[in-house]
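Based on the provided sequences and hints, a complete structural model is requested.
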Amino acid sequence: MAKPKFQVGDTVRVKDRTTLFHTRTQKFIRKRVGTVVAHRPEWVIPEDEAWDRMETGRKEPFYVIRFKQTELWPDYTGLAHDTLETEASESWLESVKG
Amino acid sequence: MAKHHGDGHHDGHNAFEVSSKVSEFEILELAVRELAIEKGIFSAEDHRRFAEWAEGVGPHGGSKLVAKAWSDPAFKQRLLENGTEACKEVGIDWLQPTGVGTPSDYTFFYVLENTPQVHNVIVCTLCSCYPRPVLGMSPDWYRTPSYRRRMVRRPREVLAEFGLHLPADVEVRVHDSNQKSRFMVMPMRPEGTEGWSEEQLARIVTRDTMIGVALPRADRTSDAGSLAEQVR
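Chains E and Y supply the protein sequences, listed in that same order. Heads up: take any position in the first sequence, counting from 1, add 665, and you land on our numbering. Heads up: take any position in the second sequence, counting from 1, add 174, and you land on our numbering.
Treat the hints as calculated values from the structure; they're not laboratory data. It is possible that some hints are incorrect.
Facing chain Y, from chain E, some residues (calculated, C-beta under 7 Å) [said to hold, decoys possible]:
1) G743
2) E752
3) S756
Note that the Cβ used here is the ideal one computed from N, Cα and C, for glycine as well.
Dropping the structure here:
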């Protein structure tokens with residue numbers, strides 16, 4: 666298993682990559698900045714798994730990212746401490762200098 | 175489309191014929207199922223058995239998990255550390271009953287513990303991922319675009335529509351199940367349940383409290399009615 670590139674506590678930005686085919690990286694988290702709160706096991710990324718490339722697909726570590734709701738939605742009507750967590754594979758994430 | 179439905183004077187067609195119309199999705203399901211059966215991937219009997227199982231699973235497994243965790247701190251620890259393994263202690267094996275479940279169906283199960291500071295709620299904005307082995311089939315509303323779209327964007331307003339008004343000092347944390355993990359909320363044990371057995375506790379841990387759109391109460395069970403006699 667590859668060593669995860671990001672550590673719990675790291676600040677990351679979700680990339681806004683082209684996705685011609687299948688992905689499970691939601692539009693609303695792209696370009697948004699969040700914090701890594703947990704590691705998930707390495708797995709074949711959805712972009713390959715969707716084509717049944719379970720043996721030959723690219724494997725990457727996954728991460729749980731926590732976003733502040735106000736980061737996701739500039740017009741958020743709840744409270745500033747509200748959050749959302751979701752997961753992303755490594756290639757969707759880039760480091761943000763703190 | 176609509177003008178062919180239920181107009182009551184179309185060649186004497188009645189409601190029975192209208193309701194027998196098959197959607198494109200159903201045709202697709204049927205075609206894939208028949209192909210799979212022809213190829214010997216599974217038999218019609220396997221399919222029937224699985225459908226019967228899937229439709230019969232309710233939220234009882236989840237209720238049991240929560241009640242046990244409320245009663246047994248060591249189990250709670252195991253449940254929070256490795257949900258999939260801890261499930262086996264109450265007889266839920268995520269790869270059963272088919273024995274052919276793949277890790278891509280449901281792999282990792284995580285229990286989200288509510289605290290006085292954090293209230294968790296689950297949604298799947300991409301489709302309708304749901305921890306079926308422990309909660310059964312998801313409610314219809316859980317799969318609607320309205321719930322999925324709005325729960326991530328305006329969670330407090332959606333929770334209020336369910337009658338759940340959370341205080342301002344509580345952080346609302348939405349979990350969007352977009353990858354391989356499946357989640358279930360472990361609500362806080364309500365007051366007035368001191369000395370209750372696991373069985374009694376399980377009855378107030380309803381489906382909605384484990385999705386996170388409701389809080390358990392000592393005076394409310396999923397089978398409301400028998401409650402009064404239970405508590406007396």
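_Hints that the structure is at odds with (numbers, increasing)_ = Those not satisfied come down to hint 3.
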